[in-house]
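Undergrad: Between the sequences and the hints, there should be enough to build the whole structure, so can you do that?
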Amino acid sequence: MKTCKVVAYLVEVRKLHAKSADNLKFGNFNGAETLRAALQKILGGYAKYSNLKLYEKTFKVDLHPANNGPLTGLFMSGDYGQAGDIVDTTSGSVAYKKKRTEALPEPFFFYMAVPDHEQRGVLCLQQAGLVGVKGLFETTVAGVFSQKYPEYRLHIRQMTVADMLSEYLKSGAVEEIIVEKHEIPSDIADRFGGVKKAYPGKFTYTIQAKAGLFKKDGLIAFAKGQKELSDVFEFDDHGFDVVKTKIRIGNETKTLNLTRPDSISSSFDITGDVALGADGYPTVDSLKKEFEKIASDLAKRGGIKL
760 MKTCKVVAYL VEVRKLHAKS ADNLKFGNFN GAETLRAALQ KILGGYAKYS
810 NLKLYEKTFK VDLHPANNGP LTGLFMSGDY GQAGDIVDTT SGSVAYKKKR
860 TEALPEPFFF YMAVPDHEQR GVLCLQQAGL VGVKGLFETT VAGVFSQKYP
910 EYRLHIRQMT VADMLSEYLK SGAVEEIIVE KHEIPSDIAD RFGGVKKAYP
960 GKFTYTIQAK AGLFKKDGLI AFAKGQKELS DVFEFDDHGF DVVKTKIRIG
1010 NETKTLNLTR PDSISSSFDI TGDVALGADG YPTVDSLKKE FEKIASDLAK
1060 RGGIKL
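Numbering (the working numbering), first residue to last: 760 to 1065.
Note that these hints are calculated values from the structure, not bench results. One or more hints might be untrue.
Cut-off 20 angstroms, straight-line C-alpha distance, at most; resulting in silico cross-link-like pairs (DMTMM-like, lysine to aspartate or glutamate) [unchecked claim]: (1) 761 with 1000; (2) 764 with 1032; (3) 858 with 847; (4) 983 with 926; (5) 807 with 861; (6) 761 with 1049; (7) 1003 with 926; (8) 907 with 897; (9) 1048 with 1028; (10) 1064 with 875; (11) 974 with 934; (12) 986 with 976; (13) 1005 with 939; (14) 1059 with 926; (15) 1003 with 939.
Label-pair restraints from in silico Cβ distances [unchecked claim]: (16) 838 with 983: 34 to 40 angstroms; (17) 983 with 849: 53 to 59 angstroms; (18) 1062 with 1000: 24 to 30 angstroms.
Positions of the beta carbon are idealized from the N, C-alpha and C atoms, including for glycine.
TA: So, in structure tokens, the structure goes:
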């Protein structure tokens, strides 16, 4: 079986040309309906195979029936445009001559949670080996969404450290700031070695203070790349290349590397956790179970209540 992975994303909806770039609440995003209902209609409109010339793919959506909760189902997707032999591997002979207009669709499971009370949702897509359906999903769902609702845009993106940081800061307190430079500055090295020369190594500078000292908005702006470190803190000119923060939420302490805002892994290998069906593909039940675990963990890290 091919490697089976889950690739997770955040889902947001915003009003086009709005003065504020804030996300809209899903429950009443356009003043008339919920985002879930809108997406359910779009996905339900792909019950029969259609061709997407942009990618030379044929596809359909097998949407699982549900009146509420996450939207789940299978994207059946296959390539066309090239002829070839379909070989019987038990005999080595050609069993069928595939035409350029023919395709062999494969199933890709999807899980999308957009709770009415939230402004961010979770989308998980299956990837088989190196093949996935993110581009197809964005074109057929987000693209059609913008056509049906021209004043709004559906955004699908990966979670960043900045997303987690803003949510953690709402209920937590910054206890510590740690900055590192992977070279010992000459003035520091001179104090210990007597030579005014920078040396390879790691120079760490830590600030611990009472709650309320650190500027939360400054940390978020730095994590998003909107401000330089020198705009947030007045450190000596040592050129720190790593910035970390420790945030306490209740009895738990979380450490975040603010220098790498896109470092959160959003791809999860579940090959050994799913069960194979008679067709050689992972069963829907086992996929759904693993997808729910990953979506729940991602939502928890991002402060999203599913």
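Undergrad: Are the Cα atoms of residue 1064 and residue 875 separated by 20 angstroms or less?
TA: 10 angstroms, holds
Undergrad: For residue 761 and residue 1049, compute the direct alpha-carbon distance and say whether it is at most 20 angstroms.
TA: 17 angstroms, holds
Undergrad: Please verify whether residue 1003 and residue 926 have alpha carbons no more than 20 angstroms apart.
TA: Given pair residue 1003, residue 926 holds - Cα atoms ~16 angstroms apart, limit 20 angstroms.
Undergrad: Is it true that the CA of residue 986 sits at most 20 angstroms from the CA of residue 976?
TA: Holds - the C-alpha atoms of residue 976 and residue 986 are around 10 angstroms apart, at most 20 angstroms.
Undergrad: Straight-line Cα separation of residue 764 and residue 1032 no greater than 20 angstroms?
TA: 10 angstroms, holds
Undergrad: With the threshold set at 20 angstroms, check whether the alpha-carbon distance from residue 907 to residue 897 stays at or below it.
TA: 14 angstroms, holds
Undergrad: Hint check: residue 1005 vs residue 939, CA-CA at most 20 angstroms. Holds or violated?
TA: 14 angstroms, holds
Undergrad: Please check whether residue 983 and residue 849 have a Cβ separation lying inside 53 to 59 angstroms.
TA: 56 angstroms, holds
Undergrad: Does the beta carbon distance between residue 838 and residue 983 stay inside 34 to 40 angstroms, or does it fall outside?
TA: At 38 angstroms between Cβs, range holds.
Undergrad: Can the restraint linking residue 974 and residue 934 be considered satisfied, given a maximum Cα separation of 20 angstroms?
TA: Holds. Residue 974 to residue 934 sits at ~12 angstroms (cutoff 20 angstroms).
Undergrad: Straight-line Cα separation of residue 1003 and residue 939 no greater than 20 angstroms?
TA: 9 angstroms, holds
Undergrad: Can the restraint linking residue 807 and residue 861 be considered satisfied, given a maximum Cα separation of 20 angstroms?
TA: Measuring from Cα to Cα gives roughly 15 angstroms; hence the hint holds.
In this structure, only the earlier hint numbered 1 is contradicted, and the remaining ones agree with it.
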